[in-house]
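Residue numbers (the working numbering), protein chains in the order written: chain S, 1 to 335; chain U, 336 to 570.
Everything labelled a hint here was simulated from the structure, so no lab data went into it. Do not rely on the hints blindly, as some may be mistaken.
Stated by the list, open to error - Among the chain U residues that face chain S by a calculated CB cut under 10 Å, a handful are:
# : residue
1 : Arg-347
2 : Arg-349
3 : Ala-350
4 : Pro-498
5 : Lys-566
Claimed, not checked - Cross-link-like lysine-lysine pairs, in silico, DSBU-like; alpha carbons within 35 Å at most:
#  : chain 1 : residue 1 : chain 2 : residue 2
6  : U       : Lys-413   : S       : Lys-116
7  : S       : Lys-116   : U       : Lys-485
8  : U       : Lys-539   : S       : Lys-118
9  : U       : Lys-539   : S       : Lys-92
10 : U       : Lys-539   : S       : Lys-54
11 : S       : Lys-155   : U       : Lys-565
12 : S       : Lys-168   : U       : Lys-413
13 : U       : Lys-485   : S       : Lys-79
14 : S       : Lys-168   : S       : Lys-330
15 : U       : Lys-566   : S       : Lys-155
16 : S       : Lys-92    : U       : Lys-565
17 : S       : Lys-84    : U       : Lys-566
18 : S       : Lys-84    : U       : Lys-539
19 : S       : Lys-155   : S       : Lys-304
20 : U       : Lys-487   : S       : Lys-54
21 : U       : Lys-422   : U       : Lys-566
22 : U       : Lys-413   : S       : Lys-92
23 : U       : Lys-422   : S       : Lys-155
24 : S       : Lys-84    : U       : Lys-413
25 : S       : Lys-116   : U       : Lys-341
We put the beta carbon where it would ideally sit given N, CA and C, even for glycine.
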Amino acid sequence: MVMSFNKLRKIEQNTVLLPELSLTVQQGDIIAVQCENEYIGRLFSVLNHPDHIKKEAVTLPEGGFQNVYLFQQTDGLYKRLSVKQMLLFWCKLYQHQADLEFVLNVCELQHCAAKKTKQLTLSEQQRLLFASALIQRAEVYIFEDPSLGLDLQSKHVLHNLLFHLADKGAAVVLFTPTLEEAIRLGSSVYRYSERGVQQLEQDIEDAENTAEEEPEEETTRMQVQLDKISAKIEDKIILFNPLEIDYIEARDGQTYLFVNNEEFASSNTIKSLEDRLQPLGFFRCHRSYLVNLQRVREIIIWSKNSYSLSLDNPSKSTIPLSKGNYSKLKELIHL
Amino acid sequence: MMKNEKMGYLYRFRALLYKDICDLRWNGQVLFNLITGAILISLFALLPHGEIPISFVFAFVFGMLTLLMQGNLVVEEKEQGTIRRLKQAGFSLKEILFSKMMITFMTTVLILILFFVLYGNHMLFHLQLFILVLPIIMIMLVAGTFLGIKTKNTIEVSLYGSPIMIFYFFLEGLLMNSSREGMPWLAIFPNYHIHYGIDQIYNKEPFLCYLTVPVIWMAVGIVVFITWYKKQHFN
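For reference, chain S alone in the conformation it holds in the complex:
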């Protein structure tokens, strides 16, 4: 065990600011935790004041908090320093003679090494902040919503960086409000809510899916049904033409339909929707996601175990594609 949160919580008067957090991180783990933005903010505020934390609530690696790397959205850069000067400063600060060429290469910043940080794009600035993780030597790396506002290139960099850190034997924990990012970035995914921490059983899900789908192969013969999918908003029930739907997500025991950048809660389960919509070209790409294949523009391969589907909707959504379902999708589209 490298680090663990042992029933860490924060209650002020009658308000639970931070529900009970129990989580253990081991060397080489990449743990992604999906939770609300408020909880992420409060958790990092607690981590920034280690003297306010009860000793038994957090087990730290040797060296204490200085051996923990924190990436926070509020972290900034010295705007008048060049990328190289920033890296040199961190090398001096953390007393680590890092190979700057390697760092620039991993973070894809070679072309802007001489640029001042204020001249970088937002994604380049984020990549430079990620570079500090390669310079500061720590046993645990904790990230606050690292993929927020990143372009595709930077998402790739982040993905590689996390794998690099885990390969080096570090433990990585990241907190993100989106389940999709948690599934894409983490090797194990947890959901942290007012009910505490629950692990999302990805492996079991894959196994379940394969078991479930064997007999369903016969159902491909089903003829097209022109039924509507219902969603409820306040007192109204809206009926959607299935082909209007971009994708469907199951979250917190509820199913949501995504239509034209809008989200509608449906009373149907994702399983029943899958049964109804499969003949219409919908595909169960993940335990929690059902996608309209007509909307899929791109299959993004992050690594041999991590995939996403990029959709051709106005918001260019990306949704996770689990490893087991990737091969099924390949067969389905004759790849």
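Assemble chain U onto chain S, guided by the hints.
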């Protein structure tokens, strides 16, 4: 073990200075004040002595450069969101402020050296002058640090720093346009003593008695600042 820790700390402290010096080279506001100060000093060297008192030139340098620069350097760590990392790396706020003070002090000394070179007087004259103005430099450093801590951004530093500078220049104006006996109450301010202390040094007369009031102001300023600082919870 202790020696290694000390060396590590010094090495990291050098990192702070490295970063601040790199940053300073492109800090437009500081550079502008520095260049304006240098131009004023150069003009002063060309003018016949007596047209502008030396204390006025120093007032400009300490107000525009020392005070604002220190305030800006401190507030920028907060404004840019870079202070958290420094704290996590093991620096206390006190150490961060001290490194900023060192940089500002060195820059102020640099411009004073330019003044001494251009003014071309005897070395002893310059040394005495430096001793005389040292309390004012310290007061400005403390005031700049206070401004940097209390404000949110560089605009606020300029905004709240202006009254201090205007008041300082107002006192200088009164001193420039009045005789020594005309406004004796001005003697409670350090400017009065700097103004007439410089005359003493220029006339090669004892000047140390003119240090008393500025040193009292400096001591009171530092004690008040430290007392206030200790009561704050800078987390």
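Within a Cα-Cα threshold of 35 Å, do U/Lys-566 and S/Lys-155 meet the stated pairing?
Distance ~44 Å between U/Lys-566 and S/Lys-155 Cα, so the pair is violated.
Is S/Lys-116 within 35 Å of U/Lys-341, Cα to Cα?
Between S/Lys-116 and U/Lys-341 the Cα gap is close to 32 Å, so the pair holds against 35 Å.
Would you check the hint for U/Lys-539 and S/Lys-118, treating anything up to 35 Å between C-alpha atoms as holding?
violated (52 Å)
Distance restraint between S/Lys-155 and U/Lys-565, which requires alpha-carbon spacing of 35 Å or less:
violated (44 Å)
U/Lys-485 paired with S/Lys-79 [C-alpha distance capped at 35 Å]:
Status holds; Cα separation ~22 Å.
Can you confirm whether the C-alpha distance between S/Lys-84 and U/Lys-413 stays at or below 35 Å?
Measuring from Cα to Cα gives roughly 22 Å; hence the hint holds.
Taken at face value, is the distance from the CA of U/Lys-565 to the CA of S/Lys-92 at most 35 Å?
Cα-Cα ~30 Å, so holds.
Is the hint on U/Arg-349 kept, meaning its closest Cβ partner in chain S is under 10 Å away?
It holds, given that the least Cβ distance between U/Arg-349 and chain S is near 7 Å, below 10 Å.
Under the criterion that the straight-line Cα-Cα distance not exceed 35 Å, is the pair U/Lys-487, S/Lys-54 satisfied?
holds (31 Å)
Please verify whether U/Lys-539 and S/Lys-92 have alpha carbons no more than 35 Å apart.
violated (48 Å)
Interface hint for U/Pro-498, Cβ within 10 Å of any Cβ on chain S
Because about 28 Å separates U/Pro-498 from the closest Cβ in chain S, which is outside the 10 Å limit, the hint is violated.
Does the alpha-carbon distance linking U/Lys-422 and S/Lys-155 stay inside the 35 Å limit?
holds (28 Å)
Checked against the numbered hints given earlier, this structure breaks hints 4, 5, 8, 9, 10, 11, 15, 17, 18; the rest are met.
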